[in-house]
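Asker: Place chain B on chain A using the hints.
Order-wise, the sequence lines are chains A and B.
Reading the first sequence from the start, the letters are residues 1 to 534 in our numbering.
Reading the second sequence from the start, the letters are residues 1001 to 1153 in our numbering.
No lab work stands behind these hints: they were computed from the structure.
A hint or two may mislead.
As the list claims (entries may be wrong) - Okay, derived cross-link-like pairs now, DMTMM-like style, lysine to aspartate or glutamate, Cα gap no bigger than 20 Å in a straight line:
id, chain 1, residue 1, chain 2, residue 2
1, B, Lys1140, A, Glu338
2, B, Lys1140, A, Glu129
3, B, Lys1029, A, Asp380
4, A, Lys175, B, Asp1133
Predicted, not measured: the structure shown is a model, and the values here were computed from it.
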Amino acid sequence: MSEETVDVLIIGAGAAGAAFAWSMADTKMNILCLEQGDWVKHDDYPGVGDDWEMRQFGDFGLSPNGRGRREDYPVNDSQSPIKTSMFNAVGGSTILYAAHFPRMHPSDFRVRTLDGVADDWPLDYAQLEPYYEVNARMMGVSGLAGDPAYPPKQLPLPPLPLGLLGETLAAGFNKLGWHWWPSDSAIASQDYEGRTGCINAGTCLVGCPHGAKASTDVTYWPLALRQGVRLKTRCRVREITLGGNGMADGVIYYDEEGVERRQRAEVVVIACNGIGTPRILLNSRSAQFPDGLANRSGLVGKRLMFHPYALVRGVFPDPLDGYKGATGCCIISQEFYETDRERGFVRGYSFEMLRGMGPVFTALSGMSSGHVPWGDGHHDGYQSLWDRTAGMVVICEDLPEECNRVTLDPDLTDADGIPAPKINYRLSDNSSRMLEHSVARASEVLHAAGARECTSEAPLKPAGWHLMGTARMGTDPNTSVVNEWGRCHDVRNLFIIDGSIFVTSGGVNPTNTIQALSLHIADTMKRNLANLFD
Amino acid sequence: MTDSDYRLSDEQRRHLAGLLDCIIPPSTKYDLPGAGELGVGAFIEAELLRNPQLRLVVEPGLALFAAQSREPDSGTAMQRLQADAPALIPTLLFHAYVAYYQNPRITQVLGLGGRPPHPGGYPMAASDLSILDPVRRRGKLYRDAGSATPEGK
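Just chain B, same shape as in the assembly:
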């Protein structure tokens, strides 16, 4: 298999989504989906395609996650995963945070309209500049400096 053919299996994708939901879980309080549910896995898979070094950490980590997720206590399972694959979550964290927080579904909830900043921008009202009155009352702040010296030294 060449690098350009690299794909996770369906089973690996399912485990990756499960792991991502543990990293950024869904929240009813803030009306936010988990990272797995949001589809962050596709972003991670694209990173794995670009960077074979990541695969060396993620693929065995997913296998361990799959084995340990059969534990009845999910908290204990995650603790064991961190002990057995200590590089896995730190490796995924950066990519998971980036993919999650640039996703339009999330930026919509955050109040950014679920779109890039351009071309829409954001409305802002002009400010009441009477808040400058205390500064104006202080008066001149700069130093008079005279003219340039003839030598320019």
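Chain A with its partners taken away, still in its complex shape:
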């Protein structure tokens, strides 16, 4: 048993934990991070092999239930039409994310005031704006200033190339008079801060061996470690423990050999995102907190938000060079982002363009759709699809509902015997109407761009990669878990800094906002060190 007491203990080395560790490093406090995964060696990434496409169904798959890695924990998502996706490693899910890096909008923080639904956040866009700017510098964000869908913002790197595919789709948006813009991407479009610029290999979703994609193992962590933060990998936290004064006094975890260990801490910071964070809190029961730590509001685990996704693809008559370029970071459209009640739903969604499919996925997709038969018609069928598909995903804002929740599965455990999370989730009527609208509009713009036929899947089943809302922030302890700077109302030296504190989801990828929030929380803590627990 370790008797060392660290000043700050961070649980989780993903997007939020890395940004927080770097920000806190300049305090020179004794900071330790425990991460259940390991470092991913860049030579292990699938993109260096011919079989890179199929490894998306294997050891680099999105679902923790299918990867077979010891560091993963199972998630019972049988009661959800959207299945959970995440990655457990130094860098967390940024290892596999597309690195599409939009900010939330001013209206996203004020949905109750503006649209009469859900709740306003206890902070606003202007308060997060300086942290979005820091994060853009630290992650190395590529993009183009002047997007009329946002307040003015500057980005440190020029946009990634649109390519023939992007230009083709952009022409479709222009034809309809709809908004589009080169995406903000956490992918270096040129050499930046020791990282080499993107080489357009198109393997972003199975990790970037080149290091151009800003997973936090190549951005924040090297700097945080250099400044003295310590990071222990393959250490899985079971529970947070309470001292006699009602404050958190550390954690119990299992090390890489599966040996139970104790780590004491003055401050505990949870950065395990919208499923991992409530799992730890719910596993941390005590006489004072019989329903889980920091859960006097009863909201820990509730209000789970995914972003319901749709995938819409079109087949074009001519080659698009679609195998080149960052997978998910081409162009974005927010034509239907802000509320217009005449559409039949509140709030809105983003379109994000995708590159084309690789050679194996083209074949398998064509096999499923009947376009690529075996036998005599095989090659003509394949050539009609190869490098001729383009499409987009739709990211719908998901409004919080208490029935959508994370609980502990009564039977399922991870390799260390820790109870695993169970998801109960249903699509709301608002989300269903939004998805229906978005698929029709996506098909419309693909046809305008020249597609001869379109296919869609909605909701996209494996798209549970944005995990939000299960320990929401707010100023009222009865209706929220943490305050406006991430401190738990019930346990004043316990902080949450990840997607679980989101009040609403917006209709964009959340990683940039998760990191801006974690930087905001770290900065607020540093300003209040003298009276942090008052």
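Answerer: For chain B alone, kept in the frame of chain A given last:
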């Protein structure tokens, strides 16, 4: 014989290659080899080694293919094969497509250089962003939202 010793016989391999060439035939039009000629059979055999259940479908299927391939009309032979061993081709199809389309000879013909995406990547030119002019002309799209409410509710 243990699982790790599992091998197809030379004759079975020859029939498997023939069957694979029926599934993905060679194409002079696109300058592409058939799947059997390409060596996809070795990939299938590795799958058979990993998954004994597959053998229950493939081994008798190959025997039927061998018998029916002696038919003078190959089209009729394949029709009979599908009738007599309906699971055979659907079972092989997924593995055959995967092995064929990740093979460097094929990715070379498809324009991908016959190599993995890394470390070479692919060149892309910067775009002419004057195509954004219509979007710029529309002006501001986002809503002003005011400040956070004091209650944060």
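Asker: Decide, hint by hint, whether the structure agrees.
Answerer: Cross-check of the supplied hints:
About 12 Å separates the Cα atoms of B:Lys1140 and A:Glu338, which keeps this hinted pair within 20 Å; it holds. In summary, the hint linking B:Lys1140 to A:Glu129 is supported, as the alpha carbons are separated by about 18 Å, within the 20 Å threshold. Under the criterion of a C-alpha separation no larger than 20 Å, the hint pairing B:Lys1029 with A:Asp380 is consistent with the structure, at around 9 Å. Using a Cα cut-off of 20 Å, the hinted pair A:Lys175 and B:Asp1133 holds, with the two alpha carbons roughly 12 Å apart.
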